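Let the hints inform the model, and build the full structure from the sequences given.
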Amino acid sequence: MPAKVDRHPMPKQNPRERIRNFNEVALGYPADVAVEEAKRCIGCPKRPCVAGCPVEVDIPSFVKLIAEGKFVEAARKIKEKNSLPAICGRVCPQETQCEERCTLGKKGKPVAIGALERFAADYERASGTQAASEPAPASGGAGRVAVVGSGPAGLTCAADLAKMGYSVVLFESLHSTGGVLRYGIPEFRLPKAIVDEEVEYVKSLGVEIRVNTLVGKTVSVDELFRNGFDAIFLGTGAGLPHFLGIPGENLNGVYSANEFLTRSNLMKAYLFPEYDTPIWVGKRVAVVGAGNVAMDAARTALRLGAEKVTIVYRRSRAEMPARLEEIENAEEEGVEFVLLTNPIRVLGDERGWVRGMECIRMELGEPDESGRRRPVPVPGSEFVIDIDTMISAVGTDPNPLLVRSVPGLKLGRHGNVIVNEETGETSVPGVFAGGDIVTGSATVIAAMGAGKIAARGIDKFIRAKRERSE
Amino acid sequence: MHRIIKKEELAPKIKLFVVEAPEIAAHARPGHFFVLRMHEHGERIPLTIADSDPGAGTITMVFQEVGKSTCELGTLKEGDYILDIVGPLGTPRDIRRLDTVVCVAGGVGVAPIYPEAKAFHELGTRVISLVGAQTKDMLIFKDRMEAVSDEVHYSTDDGSFGYHGFVTGLLRDLLAGGLRPDEVVAIGPLPMMRATCKVTAEFGVKTIVSLNAIMVDGTGMCGSCRVTVDGKTMFSCVEGPAFDGHKVDFEELMARQTRFLAEEKLAMERYKAHAEGCKCRRK
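These protein sequence lines are chains A and B, in that order. The numbering used here puts the first residue of the first sequence at 1, with every later residue one more than the last. The numbering used here puts the first residue of the second sequence at 1, with every later residue one more than the last.
If you're looking for bench data, these hints aren't it; they were derived computationally from the structure. Source: prediction; values computed, not measured. One thing to keep in mind: the hints can contain errors.
[As the list claims (entries may be wrong)] Capping the alpha-carbon separation at 35 Å, the derived lysine-lysine pairs in DSBU-like fashion look like this:
hint	chain 1	residue 1	chain 2	residue 2
1	A	K268	B	K7
2	A	K268	B	K265
3	B	K77	A	K192
4	A	K308	B	K232
5	A	K268	B	K232
As structure tokens, then:
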């Protein structure tokens with residue numbers, strides 16, 4: 001048995017420094033640390049980590065390659081299943097997936113699989129070998145597929161189909177690819193240069209990308225079929241922001257997290273006036289909600305110069321949906337948490353700007369349908385928080401624009417697309433879907449898993465169609 | 001990339017571009033808008049489609065130079081390219097044949113009202129157009145509006161052409177004279193649309209306005225353009241930009257339009273200091 005070595009912590013920028021810049025917080029393992037961490041893997045025969053990965057990455061094999069110093073080979077091994085390893089190594093919740101199942105985790109800390117994935121991908125990219133090693137397959141032979149939405153689900157579906165030999169066109173409504181990876185996740189957590197390079201890899205597989213194309217408006221699903229596409233994948237995400245539905249939410253200084261983050265991330269308003277899109281943040285900011293998006297918004301507000309940023313959440317710490325790592329990062333940076341508290345009204349001044357937020361204390365009652373204890377207001381506990389900026393990060397719904405334009409598409413209660421979970425097929429023949437448009441707001445990796453399943457479903461569908469017509 | 005194939009200076013600081021955008025031209029209907037981005041550092045700017053030609057694959061846009069981005073846009077020449085254009089966006093107007101509509105346009109709002117007037121006119125609706133501007137030189141789209149209207153009346157704030165006063169004065173005279181159109185369409189600055197709605201409310205005439213709220217993506221993702229209509233929050237990029245004007249909370253929207261004034265001023269000052277190309281300082 002090798003001597004027991006503790007899990008190697010991820011080196012990070014100092015909190016006091018990093019709240020003044022938008023550079024990446026986590027710095028990544030140096031090569032020697034990556035090798036040492038990889039050597040912690042005991043290579044257990046059951047390989048429980050693989051079962052914990054939604055895209056079935058061969059984790060023990062790539063970890064072993066890192067331990068042997070074969071870093072580029074390790075990245076290639078990951079890319080057999082996962083076309084976006086540098087992204088997943090950064091934003092996947094490994095602690096509830098692969099790492100949660102790691103055998104080492106039973107008695108100590110699991111292998112840092114996410115950090116190793118990131119290391120391998122970054123190493124390969126830095127050495128300039130990230131393009132597809134084989135030339136893109138001849139297009140058109142197997143069939144043509146339109147993939148709508150260039151977020152994690154669409155990129156994965158497109159990459160997998162291209163690898164199978166399909167001619168794939170990936171449509172994106174914004175001017176830039178990546179979906180939530182671009183507009184939602186801040187630079188300090190996922191540098192956009194990495195999104196660019198992973199999208200370049202998908203292009204190198206032969207995928208054609210058309211930005212500025214809003215399917216359902218610029219071109220309809222029917223037209224795509226008429227233009228010769230054999231199948232269509234809908235990966236349009238959950239981009240419709242929720243608001244709380246309380247008085248005062250349209251006051252100046254109230255943002256949806258989507259608006260706040262889109263201005264900063266997609267439009268680079270954090271570099272205003274070098275970039276033209278403005279963003280305004282006051283001195284005292286309340287972010288309502290406690291998911292990853294709330295943490296991202298809170299930490300962005302700090303970096304934009306807010307003096308005090310408070311997360312306001314109606315449940316307790318145990319129920320916060322954000323990754324523990326992100327909560328810790330926010331706390332290190334000085335974000336305050338006001339828990340068991342719910343806003344009931346936004347207060348404005350005579351010019352229509354936010355000056356405060358009236359809240360009520362909550363206590364936890366019986367478990368609700370999510371299994372979490374339901375927060376119940378405490379009568380008479382109302383109080384006011386002095387703020388000048390409020391960011392609502394209370395979730396998003398599936399984007400209705402495209403799905404409502406497809407006749408016969410069966411939708412669920414929240415406007416989500418209903419699919420066969422094993423194939424990604426929707427109620428409309430030839431139309432497949434996956435990611436947040438199906439599940440509602442979830443994780444990058446879950447969307448990627450759904451993109452992968454749909455790619456297989458589309459392959460099967462097109463083959464069956466060809467056989468019938470032969 | 002979208003090539004500018006024609007540029008016209010319609011009035012001081014008001015420019016027209018005809019731009020190649022075949023997919024948008026093929027799908028554009030009256031009331032649709034689009035979003036453009038000039039270059040990698042640019043804002044996403046929403047503009048109404050002022051005309052489209054599916055055969056030529058072009059759309060027409062008209063804009064007034066008011067801030068940094070529109071001033072910079074105005075420096076582009078025929079043959080130049082616009083980096084990004086996405087559309088058509090928004091919910092198009094449901095235009096059907098009516099007896100009479102009155103189109104009330106203020107300032108540069110005559111450009112977005114033109115495709116609606118044209119659509120009504122082509123269906124055989126009697127179109128009475130009221131076009132207002134600050135002064136005679138600022139009256140644009142005269143020939144176009146005259147071609148699709150049964151009557152056109154003009155007003156200028158300074159009395160240099162047509163009725164002396166606001167365009168709402170013309171409208172009040174018409175309605176007080178007994179005209180009862182099926183619908184009034186009003187497009188222009190927010191105070192002008194609000195004033196129009198006040199007049200038509202007195203006479204009980206249905207009024208549709210087109211809101212130019214601040215947007216980022218223009219596809220329903222950010223909620224920057226939210227507006228209260230009939231007590232409910234709507235996204236003007238998806239559910240609009242046209243709404244029943246009598247139900248719009250104009251005070252709230254006018255306050256919301258000031259959200260980035262300080263930043264816009266800073267950007268403009270910086271641009272003026274840097275650029276020689278902008279004609280904003282010229283008379």
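Evaluated hints:
1. A:K268 x B:K7: The given pair, whose Cα atoms are some 30 Å apart, holds under the 35 Å limit.
2. A:K268 x B:K265: OK: K268 (chain A) and K265 (chain B) at ~19 Å, within 35 Å.
3. B:K77 x A:K192: holds, 32 Å
4. A:K308 x B:K232: holds, 32 Å
5. A:K268 x B:K232: Cα-Cα ~31 Å, so holds.
Every hint, counting from the list given before, is met by this structure.
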